[in-house]
Amino acid sequence: MRPAFGPQCVVCGDLLVSAQLLMGDGRCHNCRDFPPEFARAVSFGEYDGELRGLIHLLKYEGITPAVPVLGKLLAQAISELLPACGDERPLLIPVPLHRSKQNQRGFNQAELIARAAARRLWRKPEVASDVLIRHRETVSQVGLTREERIANMQDAFRVAGRGRLRGRSVIVVDDVMTTGTTLSECARVLRKAGAEQVWAATVARAFQAAGLRNTVDPREEEASEAAAVAASV
325 MRPAFGPQCV
335 VCGDLLVSAQ
345 LLMGDGRCHN
355 CRDFPPEFAR
365 AVSFGEYDGE
375 LRGLIHLLKY
385 EGITPAVPVL
395 GKLLAQAISE
405 LLPACGDERP
415 LLIPVPLHRS
425 KQNQRGFNQA
435 ELIARAAARR
445 LWRKPEVASD
455 VLIRHRETVS
465 QVGLTREERI
475 ANMQDAFRVA
485 GRGRLRGRSV
495 IVVDDVMTTG
505 TTLSECARVL
515 RKAGAEQVWA
525 ATVARAFQAA
535 GLRNTVDPRE
545 EEASEAAAVA
555 ASV
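Note that the sequence shown ends on residue 557 in this note's numbering; no numbers are left out.
Some clues are possibly wrong.
With a straight-line cut-off of 25 Å between C-alpha atoms, the simulated BS3-like cross-links for lysine-lysine are [to be verified]: (1) Lys-396 - Lys-448; (2) Lys-396 - Lys-383; (3) Lys-425 - Lys-383.
Each pair of labels, with its calculated beta carbon distance range [stated by the list, open to error]: (4) Ala-530 - His-422: 20 to 28 Å; (5) Pro-392 - His-353: 32 to 40 Å; (6) Gly-485 - Glu-374: 35 to 43 Å; (7) Ser-453 - Pro-407: 21 to 29 Å; (8) Ser-424 - Val-466: 13 to 21 Å; (9) Asp-357 - Ser-424: 32 to 40 Å; (10) His-459 - Pro-407: 32 to 40 Å; (11) Arg-439 - Glu-374: 18 to 26 Å; (12) His-380 - Asp-357: 26 to 34 Å; (13) Thr-469 - Pro-407: 32 to 40 Å; (14) Gly-487 - Leu-381: 33 to 41 Å; (15) Gly-485 - Ser-424: 34 to 42 Å; (16) Phe-431 - Val-463: 14 to 22 Å; (17) Ala-408 - Arg-356: 17 to 25 Å.
If you're looking for bench data, these hints aren't it; they were derived computationally from the structure.
These numbers were taken from a predicted model, which means no experiment stands behind them.
Glycine included, every Cβ here is placed at the ideal spot set by N, Cα and C.
Could you put together the complete structure from these sequences and hints?
In structure tokens form, the structure reads like this:
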């Protein structure tokens, strides 16, 4: 499992294709056309391969020994945001599950990973799993259009205990970010309740930019060349 490589959007972290790099402001098309409510989103790596499998082991099979590993990866992503918090101790808020979903699963994977990450950070954040509530049940975002995703998340969250948010720097955390619709809605609700700054951090990112599947990791290219040289000797 390796960190994501290549140029990324300075806001949402999606990979940028060549045409987007020529735009000059470092943002992807989606962030220019539909700015998210969070200031910036970071992720450890791509939602693929071993990382995707590890998340699935926890999320769908309840293999909790995966938590410390995922927490370590999330901590690496969160550490990119800590300098922007200044001297303040940030508030780490896991994306909540609806009560029925959490009862069915038995845990909220975002909360487990967030607490594991907090233990590894040099500046210990406050983990607050009771501030943001998912009071309306939503359907899976998989396969939905952007408009359907927004409608699905509308009014799904509310804040309990606004006093803890007032003037605070907040990092919303989750296991996976796809389009960022859920994280953006969480950020909107938190900012409306008084949070001064809101960022987002996830273990994995499902990259949206077209054509990136064929991108070659320079490290893999170098390894292939080295193997070819060794084979010819």
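Each hint, compared with the structure:
no., hint, verdict
1, Lys-396 - Lys-448, "holds, 14 Å"
2, Lys-396 - Lys-383, "holds, 17 Å"
3, Lys-425 - Lys-383, "holds, 12 Å"
4, Ala-530 - His-422: 20 to 28 Å, "holds, 22 Å"
5, Pro-392 - His-353: 32 to 40 Å, "holds, 37 Å"
6, Gly-485 - Glu-374: 35 to 43 Å, "holds, 38 Å"
7, Ser-453 - Pro-407: 21 to 29 Å, "holds, 25 Å"
8, Ser-424 - Val-466: 13 to 21 Å, "holds, 18 Å"
9, Asp-357 - Ser-424: 32 to 40 Å, "holds, 34 Å"
10, His-459 - Pro-407: 32 to 40 Å, "holds, 34 Å"
11, Arg-439 - Glu-374: 18 to 26 Å, "holds, 23 Å"
12, His-380 - Asp-357: 26 to 34 Å, "holds, 32 Å"
13, Thr-469 - Pro-407: 32 to 40 Å, "holds, 36 Å"
14, Gly-487 - Leu-381: 33 to 41 Å, "holds, 38 Å"
15, Gly-485 - Ser-424: 34 to 42 Å, "violated, 22 Å"
16, Phe-431 - Val-463: 14 to 22 Å, "holds, 21 Å"
17, Ala-408 - Arg-356: 17 to 25 Å, "holds, 21 Å"
Hint compliance for this structure: hint 15 alone is broken.
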